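> From first to last, the protein sequence lines stand for chains A and B. Note that the numbering used here gives residue 100 to position 100 of the first sequence, counting from 1, and the numbers run on in steps of one. Note that the numbering used here gives residue 1168 to position 168 of the second sequence, counting from 1, and the numbers run on in steps of one.
It cannot be assumed that every hint is accurate.
[Said to hold, decoys possible] Estimated spans, in silico, between C-beta atoms of each pair:
id : chain 1 : residue 1 : chain 2 : residue 2 : range
1  : B       : I1144     : A       : A104      : 33 to 41 Å
2  : A       : D186      : B       : R1233     : 15 to 23 Å
3  : A       : T293      : B       : S1136     : 56 to 64 Å
4  : A       : D185      : B       : Q1332     : 22 to 30 Å
5  : B       : Q1069     : A       : K163      : 53 to 61 Å
6  : A       : S62       : B       : S1136     : 29 to 37 Å
Just so you know, these hints were derived from the structure itself, not from any lab. Every value quoted in this text rests on a predicted model; they were computed, and no experiment measured them. Note that beta-carbon positions come from the ideal geometry of N, C-alpha and C, so glycine has one too.
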Amino acid sequence: MAELTPPPVRRIALDADPTVIPPEEAINGNGHASAVRRPEAPRPGTVLERMRVEELSVAYGSKLAVNRVSIEVNRGEVLALIGPSGCGKTTLLRSLNRLVDGTASAARSGRILLDGNDIDFIDVTQLRRQVGMVFQQPNPFPMSIFDNIAYGLRERGSRKPSKRALEPAVHSALHRAGLLEEVKDDLQHPALRLSGGQQQRLCIARSLAVQPEVLLLDEPCSALDPISTGIIEELIAKLRTEIAIVIVTHNLQQAQRVADRVAFMYLGDLVEYGAAEQVFEAPQAMRTRDYVTGAFG
Amino acid sequence: MSATPATTPAPPPPAPPADAPPAQVEAPGYAPSWSVGDKIGVGLAWFAGLLLCVIAGSIVIYMLVRGIQYVSFDLLTKHPQPSLDQSKSGGFLDPIIGTFVLTILGTLIAAPLGVAIAVWLSEYGKPAWLARAVESGIEIVAGIPSIVLAIFGLLVFSNAAFGFLSFTAEGGAVFGRSFFTAGAMMGLLALPLVVGATREALQAIPIHVREASYALGKDRASTIRRVLLPAARPGIATGTSLGMGRIAGDTAIVVILLGASLQLQEENSFPILGDLKGTGSTLTSYVYNNSPAGEGNAPEKAYAAAFVLLAIVILLNFAVDLISRRRKVSWQS
Ligand SMILES: Nc1ncnc2c1ncn2[C@@H]1O[C@H](COP(=O)(O)OP(=O)(O)O)[C@@H](O)[C@H]1O
Ligand SMILES: [Mg+2]
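Kindly produce the complete structure, drawing on both the sequences and the hints.
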């Protein structure tokens, strides 16, 4: 929380990073695409490459789930992975923190770099502290709200940090996830008593507590009601100035609302990849056009 | 274990009145009319359920009436005495203590061992053939009659190697009978119940909860210790309470392996260990010995002790119900 987040004003990236395909000025400028509520763009110059995926392929046994995909994950923007069910979004996401390695049948090839280092040569604990993950189902641990957040912070050093020592970090994580006000008097209550939306924000806070550089979200709103979904989308828009965010979603409206960049996958292939406006308004590939106009999926 | 009757199926719907034919259309799940065979089947199911209720009720009420009739403060607090005169044969304090000691001993063995086996089966379970072998082993132990366990235990613990667990006679013959040896076999008796309930609880935890822990950089060991075991705690408690009920109610192991001596016989005067190396009795063996079938032939005392035993087991069942009802820890599916 050391960095100041910019005020929530609508901004247009003036000198975007060269790796980002610039949004079409006309669309944002004259507002004719009013259905696309663009989140405020990050402060210019804050886009910074964090992860780079090079020719990633993942197969479960003989079934290819991700086929030679190359993308970048940047701080200061939200990357949305979209595509029909079973196209490999989750598999790609779980490759980024090597969670896919836990599946015995999965074989991964290609390279994934985190800040220039191959993730296969980073200690997996270290990698997962830098690349956090939130799941489709809210899954707080069966312990108090406080202990849920503190869980990732404990067992770090040789000595167990005390509750008092952890308190500032716990409060800060809850604050960043927009949950502190709602739960600050009930920190010792069981986390599973919270509502679904609160549970999911608790899971986000739990990930944020270990100060990750990248946050992976796998359909984080699919189990939530529209109001909770809206709250989490606002949260994502706010967090993206501090960390890199990758969100998997099957909800195209959600991708339009939160994403700066979009990767459209189909049957394991990366079909289209570019700025959100470009993918939604002027898709290059036929498949993408069919998908974003709702012809299939 | 529980005294609730089997759930009875819904009764056949009453014949619809002649002026309301649409009712049949609205409830397509019901056959418009029941065949004679179906009616008899449903009737039998009802009867079976009610019969079970009646049997359970009569046992509890009969034992309650008999027990309250005969139980007294003296019986609960006096040591039993070897006497044919009922007024001088004392109470059953020693068997009560014996029941508690043996239950605690057996539980101390079964609970940690059972949880460890369940964790291994549910979270590791590799190689697969070994997991299958362990599973069958648990099933076999669960199916062994306790009298067989008892005889087997006597065989094993009479070995010189286990002399430290029980009396050793002058000539060096190992007696094999003590709280330790009976407790060990009681642990085996309760083990499958702990394994089963713990394993079920672990498998009810969604995979993504484990993955959420891994995604925070935790390894499998800390995930088990900090996330899975706390989540499975109600299941562990249920299995342990079921096991305790099983131990408290077993007779064969007590008669054969505890020596069924009327009073606690300490092996030496060393405070607790001496007693545990010695023999004793429990409420079950006391009931058996004082029933018309045993040599004591003091049915009143047998009834009173049976009542106390029943109360203990029903209390344990109650605890199980309470624990399983409190297991509200669940994730959205
Ligand atoms: N653990 C697994 N074992 C085998 N096949 C899997 C496994 N997980 C996913 N798959 C397969 O890989 C493909 C991609 O799955 P997934 O990445 O979950 O897609 P998405 O998240 O886009 O719906 C699917 O065809 C799916 O059946
Ligand atoms: Mg998925």
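> All hints, please: hold or fail.
Hint check results:
1. B:I1144 x A:A104: 33 to 41 Å: 35 Å, holds
2. A:D186 x B:R1233: 15 to 23 Å: 21 Å, holds
3. A:T293 x B:S1136: 56 to 64 Å: 58 Å, holds
4. A:D185 x B:Q1332: 22 to 30 Å: 24 Å, holds
5. B:Q1069 x A:K163: 53 to 61 Å: 56 Å, holds
6. A:S62 x B:S1136: 29 to 37 Å: With Cβ atoms ~33 Å apart, the hint holds.
When each numbered hint is compared with the structure, no violation occurs for any of them.
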